[in-house]
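S.K.: Spelled out, the chains give:
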Amino acid sequence: MRREGSAFQGLGTVFVKELSDNISSVRMLVLELLVVLTALAALYGAIDNLRQNTAEDPFLLLRLFTLARDPLPSFVAMLGFLVPLMAIGLGFDAINSEHNRRTLSRILAQPIYRDALLMGKFLAGLATLGVSLTALWLMVIGLGLIFLGVPPGGEEIARSLVFLVVAIFYAGVWLSLAMLLSIVFRSPATAALVALGIWLFLTVLWPMLAPAIAQVIAPPDPRYAALGLETPDTGLWAQFLLRISPNDLFAEAMQAILSPQTRTLGAVFLEQLRGAIMGAPLPFGESLMIAWPQTVSLIAGTIVLFVVGYVIFQRQEVRA
Amino acid sequence: MSEQHNDNPAPPPDAVITAQGLTKRYGKANAVDAVSFAIRKGEVFGLLGPNGAGKTTTILMMLGLTEISSGQVGVLGFNPARAPLQVKRRVGYLPDSVGFYDNLTAVENLAYTAKLMGLSLQERTERIADALRRVRLAEVAHQRVATYSRGMRQRLGLAEIIVKRAEIAILGEPTSGLDPQATIEFLELIAELKRGGTTVLLSSHLLDQVQRICDRVALFKAGRIEMMGSVAELAVQVLGAGFVVEVEAEGSGIARKLSTIPGVTKVETLSADRYRMTAERDVRPDAASAVVSVNGALKRLSVDEPSLEAIYARTFQAKREGVRHAA
Ligand SMILES: Nc1ncnc2c1ncn2[C@@H]1O[C@H](COP(=O)(O)OP(=O)(O)O)[C@@H](O)[C@H]1O
Ligand SMILES: [Mg+2]
Chain A
12 MRREGSAFQG LGTVFVKELS DNISSVRMLV LELLVVLTAL AALYGAIDNL
62 RQNTAEDPFL LLRLFTLARD PLPSFVAMLG FLVPLMAIGL GFDAINSEHN
112 RRTLSRILAQ PIYRDALLMG KFLAGLATLG VSLTALWLMV IGLGLIFLGV
162 PPGGEEIARS LVFLVVAIFY AGVWLSLAML LSIVFRSPAT AALVALGIWL
212 FLTVLWPMLA PAIAQVIAPP DPRYAALGLE TPDTGLWAQF LLRISPNDLF
262 AEAMQAILSP QTRTLGAVFL EQLRGAIMGA PLPFGESLMI AWPQTVSLIA
312 GTIVLFVVGY VIFQRQEVRA
Chain B
631 MSEQHNDNPA PPPDAVITAQ GLTKRYGKAN AVDAVSFAIR KGEVFGLLGP
681 NGAGKTTTIL MMLGLTEISS GQVGVLGFNP ARAPLQVKRR VGYLPDSVGF
731 YDNLTAVENL AYTAKLMGLS LQERTERIAD ALRRVRLAEV AHQRVATYSR
781 GMRQRLGLAE IIVKRAEIAI LGEPTSGLDP QATIEFLELI AELKRGGTTV
831 LLSSHLLDQV QRICDRVALF KAGRIEMMGS VAELAVQVLG AGFVVEVEAE
881 GSGIARKLST IPGVTKVETL SADRYRMTAE RDVRPDAASA VVSVNGALKR
931 LSVDEPSLEA IYARTFQAKR EGVRHAA
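As you go down the protein sequences, you meet chains A and B in turn.
According to the working numbering, the stretch in the first sequence is residues 12 to 331, in order.
According to the working numbering, the stretch in the second sequence is residues 631 to 957, in order.
Don't read these hints as lab results, they were simulated from the structure.
C-beta atoms are modelled at their ideal positions from N, C-alpha and C, and glycine is treated no differently.
Treat the hints with caution; some may be incorrect.
[As the list claims (entries may be wrong)] To spell it out: a stretch of chain B is covered by chain A in this simulated footprint if at least three of its residues, at any positions, have a beta carbon under 8 Å from a beta carbon of chain A; those stretches are:
hint, region
1, 694–701
2, 710–722
3, 838–849
[As the list claims (entries may be wrong)] With a straight-line cut-off of 25 Å between C-alpha atoms, the simulated SDA-like cross-links for lysine to any residue are:
hint, chain 1, residue 1, chain 2, residue 2
4, B, Lys745, B, Gly701
5, B, Lys745, A, Ala331
6, A, Lys28, B, Ala659
This is chain A alone, in the form it adopts within the complex:
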């Protein structure tokens, strides 16, 4: 059935309002402060580390993203952990708060489709995350200039821009998950708890569970074990299971992009090593190809979660 009028009528209006709500909200301020402080700590560790090891490095800037110094995680690892939190913070009450404030029926009695409301809120959330991540990106570049004193090369900028884009898609997965929960659960507290539960499960528990489950599905071969090697089947299963988690996809894509010498993600096979000099950086394009499946998976996850929420929202009765 074709609907009359455009599904996007009112989209811009919703987007602008939601964006200004997001940017002026105390909640966002707190989350941003948390991220910036953690980022500064991670970067401080990396800079300190780099200064002590003054070896020649063509990708000094990228090291800022990936270098960790105990007990601090690297900048990228820190983002992998905190970006979901920001996205959840933006999305967990997107729709249910409109129900609870009893504004939803009044808004949907205006000549717009529900598509515009949902899409406008999603895009505003994504834009907010994009702005925050861009600010962080600028902060890294700026600190690199100040403390390392080396202007970044073109390829470094390009790679770090890819980092920015992938990080936004990664945030998108969590944003659409949080919004889906805000549609399903009428109580924002419930939606937030479920979202945080999923986040903790995927970041803390899943990396431990996935290999264990893999060993059940494909028991390790004693012949490999005798040689101190991982059974290939078990390793593949573990990798497959790990990749269900967006955190793993993000980490893998980042590894390919920000560590140019990365030739393969996950299990290393002999064929891939043959003829390759370990440690030699890959050209930008090849790194992109390696990160591509992970990036596409993140985008697909975002779309799937959004569509599920969309379908539920379209059929929902709006009494409030």
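Add chain B with the ligands to chain A, keeping to what the hints say.
M.R.: Below, chain B with the ligands alone, put in the same frame as chain A:
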């Protein structure tokens, strides 16, 4: 007379909302059970009945806010399921206990919905200022809605409908939760809307509050419309008469003269000088001239208007007894 017995009457030519066999099922229960009605242009129509009778659900189906299980509804000739934007461009809705964004001012709240209506900046500015003046919120227009009372929020909701220049205003329980003064003010605003040519559909469980402003009402009970018509029509049908006029006058032949007034169905003599007439309309002026015409001395004239509460109580009491007898 009421239209309750016509199951499928052809809608009148000036109908702006028509429902035919409109039904909403939740699981096996019918929240709205095959209701049919036609609301005419320019009238104030009340969907009345106790909580849970199906009034809100009926309204939600008109606006496409919930799916229709069966039957049809047309709003200004449009099907709300197929052409929702056409309907929503022309219809204003004030939901039960309406909500606004508390962190925004009245003007900011209205500006947001006015943008969603597709109004230009200039139209928005003019219409919002005008609407806030009409609902007497101009002085607090730049205060955050968090500071507003329930009555002020209701009026702000009405301002939104005025900004839209809606042809039809749908108001859910507009007076519940308002104090008597706020209720009177709000009903006056509804009357103003009607004078401006807007058709008003309102739902309420507070029958006595809204009966005065409703041209016609539909009495809901458990998802069905039990009766429909003007309050006076329903009163005649259910109570035998709508208006009870008491006359106190000295003179002879008064009772006979009173019984000749058109619309009077019964005249009782209560005591030597007191008479009680039941009539289909307010016959006080005719009663006064009748007394004068037989050279009587009129001492007192009072009228009891028909009460929807009484009509409702009587109807459903009778229904219940009927059920008990049948059982
Ligand atoms: N989402 C729902 N699921 C099941 N039953 C519902 C739902 N919403 C309303 N009802 C039932 O439908 C009936 C009509 O409700 P409603 O239209 O809100 O009545 P009113 O507005 O007249 O008070 C009630 O019996 C109510 O319990
Ligand atoms: Mg109701």
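S.K.: Determine which of the earlier numbered hints do not hold for this structure and return their numbers in increasing order.
M.R.: 3, 4 and 6
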